[in-house]
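Protein chains: 2
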Amino acid sequence: MRVLGIDCGSERTGFGVVESDGRRHQLVISGVIRTSPKDPFAHRIGIIGRRLRDILTEHQPEEAAVEEVFHAANTKTAIKLAHVRGAVFFVLGETGMHVGEYSALTVKSNVVGYGRAEKQQVQMMLRSMLGQDTVFESEDASDALAVAICHATHRSTELRIAGSSMGAVR
Amino acid sequence: MRVLGIDCGSERTGFGVVESDGRRHQLVISGVIRTSPKDPFAHRIGIIGRRLRDILTEHQPEEAAVEEVFHAANTKTAIKLAHVRGAVFFVLGETGMHVGEYSALTVKSNVVGYGRAEKQQVQMMLRSMLGQDTVFESEDASDALAVAICHATHRSTELRIAGSSMGAVR
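Protein chains in written order, with our numbering: chain A, -17 to 152; chain B, -17 to 152.
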C-alpha cells in the first residue's frame, strides 16, 4: 500500500510517501511545502493545497494520514494550522481516499516505541527503516514520513483483521 | 459587481450573492450549506467546499468576502471553524478572485450602523436594502449577505478612490 503522510504547518508543511506492507517500508518521496509569511494567508493556503494536489497526481498514494491538531498549543498558531488542515482535508477528500488522523504521541509510540521521543530519535528510527542514507529535507519531512509509516502499520493490522491483504513490498 | 459573502460554520455555512454598485444592492441568491455532526469532520469539509464550488460556477461572483474568526470564542469551536475557513479559502483561491475579510463588528457597523447590532436588526436592515419580501433561510444566510454587502461598499469606495468604476445596478 502506498501511503502519504502530512505534517501540516502554515510556513512548512512536510509530506512523505512510503510504499509499505505494514512491516517493511520503502521511501517514495519526501519533502516540504514552504510558504512565505509575507504573503497573504489565503494565498499561502492555496499554494499548500495546489502543491499537495500535484503530489497526489504524481505519486498516486492510495491512502493518507495527517497529524492531529495539538489543542494545547498557542491558540493563534492552532487556528492557523487548522486553516491549513482544512484545505489539506478538502484536497485529500476530492480523491475519495481513506484519511487517517493520529496524535503526535501515537505516531512516536508507533515508530520509535516511545511517545515522547525527540525529533532526532524519530529520524534515527526512520533511517533504520528506510535506509541509513535517507536524507530528510527538514523535521517536517521526517515527521510526515513517521505519520505515513504509523498509518501503514495501523491499516495493515486493520486490513489483516478484516481478512484482506495488502499487495506491496513482499 | 457581483459579490459572494460567506459565514463559515462546521454545521451551517451561510452564503449570499448580491449584485451591487456599492450603494444599491440586489439579491441574487442566498442559502445555507448544512452538514451533519454525525459525519466524519473531513467529509463535512469536503461537502462545504464542493457546494461552494457549485455556487461559484452557477452564480459567477467576481469577488468574495468571509467573516473573520472570532478568536475569543471557545477554542475547540474556533479550530473547527478554521478548518472550514481553510477549505473555503482554498476553493475561493482557485478562482483567483479577490477575497475580503471582515470582523463581525465591521460588518454590523457597515450594514446596520452599529457594531453590536442583533441578528434581527441585521435582517431588518437587509430587508430594507434588498426588498421587504426577502426571505432568509436562517441567520447564517443573512449574516453572509451582510458580509457581501459590507464588502461591496468597501470595494466600491476603494475602486472609486483608485479612479475605477463599478459597472452594476446603476
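Just so you know, the hints here were simulated from the structure itself, not pulled from any lab data.
Among the clues, some could well be false.
Because identical chains share one entry, a pair is satisfied inside a single copy or across any pair of copies.
To be verified - List of simulated lysine to aspartate or glutamate pairs, DMTMM-like, C-alpha gap at most 25 angstroms: (1) K20 x E76; (2) K101 x E40; (3) K20 x E83; (4) K58 x E83; (5) K20 x D3; (6) K20 x E45; (7) K20 x E140; (8) K101 x E1; (9) K58 x E(-7); (10) K101 x E76.
None of these values were measured; they are calculated from a predicted model.
Item to check | Violations among the numbered hints, reported as their numbers in ascending order | outcome: 2, 5 and 10
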